[in-house]
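Undergrad: Please work from the sequences and hints to get the whole structure.
If you read the sequences in order, they're chains A and B.
Taking the numbering used here, the leading residue of the first sequence gets 1, the next gets one more, and so forth.
Taking the numbering used here, the leading residue of the second sequence gets 1, the next gets one more, and so forth.
Hints should not be assumed to be uniformly reliable.
Stated by the list, open to error - Heads up, incomplete: computed chain B residues facing chain A, CB under 8 Å, no partners named:
#1 N56
#2 P61
#3 F64
#4 L88
#5 P106
#6 L110
What the hints assert, rightly or not - Below, computed lysine-lysine pairings styled on DSSO-like, alpha-carbon distance capped at 30 Å:
#7 A:K69 with A:K26
#8 B:K57 with B:K13
#9 B:K13 with A:K69
#10 B:K13 with A:K70
#11 A:K56 with A:K69
#12 A:K56 with A:K70
#13 A:K70 with A:K26
#14 A:K56 with A:K26
#15 B:K57 with A:K26
As the list claims (entries may be wrong) - Partner residues are not named here, just some residues of chain A that face chain B (Cβ under 10 Å, in silico):
#16 Y35
#17 Q37
#18 R41
#19 F104
#20 G105
Treat the hints as calculated values from the structure; they're not laboratory data.
Keep in mind that this is a model prediction, so the values were computed, not measured.
Even for Gly, the Cβ is constructed at its ideal location relative to N, Cα and C.
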Amino acid sequence: SQQGEEDPQALSIQEGENATMNCSYKTSINNLQWYRQNSGRGLVHLILIRSNEREKHSGRLRVTLDTSKKSSSLLITASRAADTASYFCATDALNTGTASKLTFGTGTRLQVTL
Amino acid sequence: KAGVTQTPRYLIKTRGQQVTLSCSPISGHRSVSWYQQTPGQGLQFLFEYFSETQRNKGNFPGRFSGRQFSNSRSEMNVSTLELGDSALYLCASSLRDRLTEQYFGPGTRLTVT
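TA: What follows is the structure, encoded as structure tokens:
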């Protein structure tokens with residue numbers, strides 16, 4: 001079952017605008033990651049934020065994490081048509097030992113139009 | 001460095017058959033995870049292997065199994081295929097443990113008829 005819920009499910013903006021996606025999760029985590037998926041292909045890792053971090057930047061991406069509210073947001077600034085994709089948050093829960101196990105959210109489908 | 005590769009990319013099988021999917025991780029990566037993606041259930045974790053040992057398993061029936069070889073390449077097998085097994089199967093590799101990002105392959109699109 002999926003742990004995360006993402007909001008909105010779909011987002012349509014014009015090129016140059018900012019896009020904000022939100023993710024909520026249920027259990028305590030080690031880290032939270034954001035991935036992009038183009039049209040049913042493999043996922044591309046965008047950014048990882050650890051549970052003791054509150055904000056992280058990477059190029060046009062800004063991620064925030066609020067562990068008290070169990071939520072995260074991804075901001076894409078100055079969006080481009082090439083940003084059109086589905087975006088997923090994924091959490092790595094505590095108490096999984098050394099194993100890797102990502103639990104994905106439901107995803108936000110972003111459409112950037114010219 | 002070459003990325004994660006998965007073979008085959010597309011597969012059509014009939015109910016009741018079995019299927020084996022292959023994944024070659026990025027060179028030097030020792031952890032390989034498998035995920036199933038369907039429109040209804042989204043992305044779900046199947047299992048993870050590290051140094052030929054299964055370290056974690058998701059909530060899938062025993063028809064789903066996997067293994068990892070000494071060169072870190074991994075295979076997953078689904079026996080007695082059901083229509084609901086139609087999905088995109090994604091493999092991901094990571095350097096060592098859960099504190100690092102995972103790198104995904106392009107996936108294998110399995111259609112069960």
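Undergrad: Each hint: holds or not?
TA: Each hint, compared with the structure:
1. Below 8 Å, beta-carbon pairs count as interface contacts, and B:N56 has one with chain A at about 4 Å; its hint therefore holds.
2. A least Cβ separation of about 15 Å between B:P61 and chain A goes past the 8 Å threshold, and the interface hint is therefore violated.
3. Hint status for B:F64: violated, given a least beta-carbon distance of 15 Å to chain A, over 8 Å.
4. A cut of 8 Å between beta carbons decides the hint on B:L88: the least distance to chain A is about 6 Å, and the hint holds.
5. About 4 Å separates the beta-carbon of B:P106 from the nearest beta-carbon of chain A, less than 8 Å, and the hint is met.
6. With a least beta-carbon distance of about 13 Å to chain A, the hint placing B:L110 at the interface is violated under the 8 Å criterion.
7. A C-alpha spacing of about 9 Å is found between A:K69 and A:K26, which places the hinted pair at or below 30 Å, so the restraint holds.
8. Only pairs whose Cα atoms come within 30 Å are accepted, and B:K57 paired with B:K13 is accepted, the gap being roughly 25 Å.
9. The hinted pair formed by B:K13 and A:K69 fails the criterion: a straight-line CA distance of about 44 Å is larger than 30 Å.
10. Restraint check: the Cα-Cα separation between B:K13 and A:K70 comes to about 41 Å, which exceeds 30 Å; the hinted pair is violated.
11. Distance hint between A:K56 and A:K69 is fulfilled; the C-alpha atoms sit about 17 Å from each other, no more than 30 Å.
12. A distance of roughly 16 Å separates the Cα atoms of A:K56 and A:K70; the hinted pair therefore holds under the 30 Å criterion.
13. For the proposed pair A:K70 and A:K26, the alpha carbon gap of about 7 Å is at most 30 Å, so the pair holds.
14. Of the supplied pair hints, the one linking A:K56 and A:K26 holds, its CA atoms being roughly 21 Å apart against a limit of 30 Å.
15. Between the alpha carbons of B:K57 and A:K26 the distance comes to roughly 19 Å, so the proposed pair stays at or under 30 Å and holds.
16. At its closest, the beta carbon of A:Y35 sits 8 Å from a beta carbon of chain B; the interface hint therefore holds under the 10 Å criterion.
17. Using the Cβ-Cβ criterion of 10 Å, the hint placing A:Q37 at the interface with chain B is satisfied: the shortest such distance is roughly 9 Å.
18. Interface hint at A:R41: satisfied, since its Cβ lies 6 Å from the closest Cβ of chain B, which is below the 10 Å cut-off.
19. Taking 10 Å as the C-beta contact cut-off toward chain B, the hint placing A:F104 at the interface holds, the least distance being around 4 Å.
20. For A:G105, the interface hint holds, since its Cβ comes within 10 Å of a Cβ in chain B; the closest pair sits about 8 Å apart.
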